[in-house]
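Novice: Letter by letter, the chains look like this.
Protein chains: 2
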Amino acid sequence: MDLSRQYAESLDAQDPIGHFRAQFYIPDTALVYFDGNSLGRLPLATRERLRDAIDREWGHDLIRGWDTWIDLARSTGDLLAASVLHVLPGEVVLSDSTSVNLYKLAAAALDARPGRGVIVTDDDNFPTDRYVLEGLAAARGLELRVVTTDLDAGVDPQRVAAALDDDVALVCLSHVAYRSGAIADMVAITTAAHRVGALTLWDLCHSAGSVRVPLRESGADLAVGCTYKYLNAGPGAPAFLYVRRDLQATLRQPIWGWFGRRDQFAMGAGYEPAGSVDRFLVGTPPVLGGYAALEGARITAAAGIDALAAKGAALTDYAIGLAAAWLGDRLALASPRESARRGSHVTFRAPEAWPICQALKAAGVIPDFRTPERLRIGLAPLYTRFVDVHEGMARLRDVVDTGAYLSYGAELGRVT
Amino acid sequence: MDLSRQYAESLDAQDPIGHFRAQFYIPDTALVYFDGNSLGRLPLATRERLRDAIDREWGHDLIRGWDTWIDLARSTGDLLAASVLHVLPGEVVLSDSTSVNLYKLAAAALDARPGRGVIVTDDDNFPTDRYVLEGLAAARGLELRVVTTDLDAGVDPQRVAAALDDDVALVCLSHVAYRSGAIADMVAITTAAHRVGALTLWDLCHSAGSVRVPLRESGADLAVGCTYKYLNAGPGAPAFLYVRRDLQATLRQPIWGWFGRRDQFAMGAGYEPAGSVDRFLVGTPPVLGGYAALEGARITAAAGIDALAAKGAALTDYAIGLAAAWLGDRLALASPRESARRGSHVTFRAPEAWPICQALKAAGVIPDFRTPERLRIGLAPLYTRFVDVHEGMARLRDVVDTGAYLSYGAELGRVT
Chain U
13 MDLSRQYAES LDAQDPIGHF RAQFYIPDTA LVYFDGNSLG RLPLATRERL RDAIDREWGH
73 DLIRGWDTWI DLARSTGDLL AASVLHVLPG EVVLSDSTSV NLYKLAAAAL DARPGRGVIV
133 TDDDNFPTDR YVLEGLAAAR GLELRVVTTD LDAGVDPQRV AAALDDDVAL VCLSHVAYRS
193 GAIADMVAIT TAAHRVGALT LWDLCHSAGS VRVPLRESGA DLAVGCTYKY LNAGPGAPAF
253 LYVRRDLQAT LRQPIWGWFG RRDQFAMGAG YEPAGSVDRF LVGTPPVLGG YAALEGARIT
313 AAAGIDALAA KGAALTDYAI GLAAAWLGDR LALASPRESA RRGSHVTFRA PEAWPICQAL
373 KAAGVIPDFR TPERLRIGLA PLYTRFVDVH EGMARLRDVV DTGAYLSYGA ELGRVT
Chain R
13 MDLSRQYAES LDAQDPIGHF RAQFYIPDTA LVYFDGNSLG RLPLATRERL RDAIDREWGH
73 DLIRGWDTWI DLARSTGDLL AASVLHVLPG EVVLSDSTSV NLYKLAAAAL DARPGRGVIV
133 TDDDNFPTDR YVLEGLAAAR GLELRVVTTD LDAGVDPQRV AAALDDDVAL VCLSHVAYRS
193 GAIADMVAIT TAAHRVGALT LWDLCHSAGS VRVPLRESGA DLAVGCTYKY LNAGPGAPAF
253 LYVRRDLQAT LRQPIWGWFG RRDQFAMGAG YEPAGSVDRF LVGTPPVLGG YAALEGARIT
313 AAAGIDALAA KGAALTDYAI GLAAAWLGDR LALASPRESA RRGSHVTFRA PEAWPICQAL
373 KAAGVIPDFR TPERLRIGLA PLYTRFVDVH EGMARLRDVV DTGAYLSYGA ELGRVT
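These protein sequences, in sequence, are chains U and R.
Everything in the first sequence is counted per my numbering, starting at 13 for the first residue and increasing by one.
Everything in the second sequence is counted per my numbering, starting at 13 for the first residue and increasing by one.
The set of hints was computed from the structure by calculation and includes no laboratory data.
The beta carbon of each residue, even a glycine, is placed where N, CA and C say it ideally should be.
It is possible that some hints are incorrect.
[Unchecked claim] Covered stretches of chain U, going by a simulated chain R footprint (3 or more residues, C-beta under 8 angstroms):
hint : region
1    : 109-121
2    : 242-252
3    : 289-302
[Unchecked claim] Footprint (simulated), chain U over chain R, 3 or more residues, beta carbon under 8 angstroms:
hint : region
4    : 45-56
5    : 71-77
6    : 108-115
7    : 246-260
8    : 285-298
[Unchecked claim] Computed from the model, here is a short list of chain U residues facing chain R with C-beta under 7 angstroms:
hint : residue
9    : 51
10   : 266
11   : 279
Assemble the whole structure, with the sequences as input and the hints as a guide.
Specialist: Given below as structure tokens:
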């Protein structure tokens with residue numbers, strides 16, 4: 013492997029989507045940002061759009077802005093459906109947070125499988141997913157059946173299949189694991205779940221904008237995801253939800269807010285769910301976050317998921333190669349080795365992961381720490397260059413080689 | 013009554029909080045905006061704050077912004093508690109939408125009253141409130157007992173009291189009615205509810221920032237409200253929720269998201285609710301809307317609720333006086349006559365309310381239409397001048413006198 017910076021530069025020169033970096037606001041060019049899978053960067057178009065939405069639409073148009081804003085959740089959902097998730101128009105909509113959407117769709121699924129007593133998830137699922145499911149199980153007296161997953165290899169479809177029986181109502185898993193980046197086999201797991209009559213609900217937070225999501229190929233039933241990671245919609249931007257079209261007429265979610273009602277603005281007596289995916293909406297949606305999600309979806313759509321996934325694979329492969337060459341066994345790979353089995357982040361394991369993470373930040377590189385003992389490197393393909401990977405991994409090497417990390421304690425870090 | 017514009021100007025000259033208008037971004041000075049109770053105006057401080065949050069905090073600081081953002085929901089909640097709702101620190105927090113908060117707190121209240129079979133509300137409550145309660149009642153097999161309220165006079169405490177018995181778990185009403193502006197007697201109703209052992213949940217959407225809310229005086233248990241009306245936090249900004257401190261340890265809400273978990277960032281196994289009002293949080297909160305809510309709360313706190321309520325009463329009194337003088341019985345008052353019984357909006361009734369509303373918009377005045385046959389005039393006291401009321405009511409008079417409204421159809425309008 014060529015370890016020179018020149019080689020990284022040559023990879024950037026050949027990158028077919030390298031020019032998208034110029035569409036982002038990057039005021040600190042010395043910073044190496046390896047955390048676009050926690051919070052994506054600010055697109056220039058979003059910066060302009062938000063100024064216009066604040067000054068002209070809110071400031072000037074005032075309440076008349078709603079003539080436009082009212083369609084934002086659906087139009088952004090349709091763009092995500094067409095270009096990011098590859099599903100049908102009317103199957104995706106922006107709404108609430110990932111956690112609230114998980115609750116709504118999981119509850120809807122459980123209602124659609126009355127008499128069944130089990131929810132299946134795994135112990136590597138993102139915390140909020142596990143907690144939301146635990147709450148639903150407790151409220152309804154159901155069993156939350158937790159499959160054991162290898163934290164580095166990702167969910168094993170055979171273990172999930174072994175946990176399935178006719179009493180399972182819902183299988184809820186992450187498509188790309190937040191820790192290891194491992195991609196779950198959505199087709200195999202959904203097929204197994206459907207075989208026993210269960211519904212599937214997928215968390216796409218680390219998938220949307222980074223990899224192909226086989227919702228259609230798998231026949232997956234439900235999904236949720238955030239927009240502030242690879243979709244670059246900014247901190248706390250609204251999440252999205254997906255409900256397969258043929259399920260929409262029969263599924264009902266538990267929070268009967270006015271945005272989910274048929275003929276909402278008649279404000280009439282009694283709740284009747286909207287005839288579309290709108291029935292999964294609840295309250296007045298956040299407009300600024302909605303616009304940021306729209307712009308983030310646009311830039312993602314322009315680059316194309318296949319190009320993004322290919323570059324994500326190349327970037328993570330390159331990081332793994334540099335780590336092996338420069339750090340050897342001082343840093344263990346804690347992600348699948350095969351790039352087709354990973355999302356756009358890669359994770360390494362070391363007992364000193366926490367102090368190394370702190371020392372790296374001091375050296376101008378922002379990775380993420382994840383329990384237990386993991387250093388997570390997110391390489392968002394829309395704006396991360398091969399020279400960034402080279403520079404960041406070189407600084408990582410120096411932090412380890414010089415022992416600079418030894419001055420940092422082992423305090424548990426904040427993660428988001 | 014002096015009908016001259018000079019009189020309005022003299023009222024503005026004496027207005028002790030008139031100078032707050034200069035703190036808002038008002039690009040269209042010809043527009044008369046009577047809809048600040050649907051969507052408040054843009055404060056200049058918010059405009060600056062959002063630019064800084066977008067460029068510096070998101071664009072430059074990236075994920076490090078969360079070191080600050082993580083406290084936004086609580087710090088804004090504490091400011092609302094201290095200066096807008098007059099309750100204790102740690103009793104208010106920003107979260108989700110009003111509808112989702114209603115669901116969480118209503119569900120928590122029902123769980124705290126096991127075995128009771130009735131939720132009480134009224135037929136004048138805002139649609140989303142009625143729908144959310146209907147959904148909870150349906151899911152749990154409870155009775156939703158709907159008190160009949162006079163649409164102009166507001167909720168009658170005696171009728172509510174008559175609907176109460178030992179089977180009532182929860183009484184959920186709006187403090188200021190969205191249609192008439194009538195203020196419900198929170199003290200009398202809460203006292204009656206507590207007498208039968210029920211909990212109370214108040215919708216403060218049209219109260220927060222416009223009137224004194226007697227949460228403490230009444231001993232009210234729970235409340236929710238939005239920030240995009242009188243608190244000027246912009247379209248779809250996050251809502252707030254209030255839980256009386258002594259109830260927090262025992263109440264649990266149903267959506268077990270990671271922001272509600274004790275020691276959230278340990279990301280550990282199993283959900284345990286936070287020991288504070290944070291247990292009513294769910295997912296990752298919207299940062300831009302959170303900042304807008306903070307700035308909106310600041311400007312409201314600076315003016316002071318008593319000054320705002322006094323000016324709101326004076327503005328609505330003035331509008332009622334001008335309407336009576338100029339339009340007589342062509343426009344009936346559809347709000348309480350006594351200003352102490354109203355919020356900061358006033359509503360008129362006319363069979364032609366819909367076309368009048370459209371003609372007014374064409375004449376540069378933005379009111380709101382509400383079913384049935386109502387023209388709603390919102391007079392947000394932070395930036396509405398007496399000359400605005402004079403000008404807007406004069407244009408209303410002209411629209412009616414000239415029959416300009418006759419060219420508009422009777423199509424039902426969109427409202428938000």
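Novice: Decide, hint by hint, whether the structure agrees.
Specialist: Okay, the hints, checked on the actual structure:
1. Remark: the region 109-121 of chain U is confirmed as covered by chain R, as 5 of its residues place a Cβ nearer than 8 angstroms to a Cβ of that chain, reaching the required three.
2. Counting residues of the region 242-252 of chain U whose C-beta sits closer than 8 angstroms to any C-beta of chain R gives 6, which meets the bar of three, so the coverage hint holds.
3. Check on the region 289-302 of chain U: 9 of its residues sit with their Cβ under 8 angstroms from a Cβ of chain R, so the three-residue criterion for coverage holds.
4. Restraint check on the region 45-56 of chain R versus chain U: 6 residues with Cβ-Cβ distances below 8 angstroms, three needed, restraint holds.
5. Using a Cβ-Cβ cut-off of 8 angstroms, 6 residues of the region 71-77 of chain R lie near chain U, which meets the minimum of three, so the contact claim holds.
6. Coverage of the region 108-115 of chain R by chain U holds [criterion: at least 3 residues with CB-CB distance below 8 angstroms; count 6].
7. With a cut-off of 8 angstroms between beta carbons, the region 246-260 of chain R has 6 residues touching chain U; three or more are needed, and the interface restraint holds.
8. Residues of the region 285-298 of chain R lying with their CB closer than 8 angstroms to a CB of chain U number 5, which satisfies the three-residue condition for coverage.
9. The beta carbon of residue 51 of chain U comes within 5 angstroms of a beta carbon in chain R, closer than 7 angstroms, and the hint placing it at the interface holds.
10. Given hint, residue 266 of chain U at the interface with chain R, holds; its Cβ is 6 angstroms from that chain's nearest Cβ, closer than 7 angstroms.
11. Because the closest C-beta pair between residue 279 of chain U and chain R is about 4 angstroms apart, less than 7 angstroms, the hint holds.
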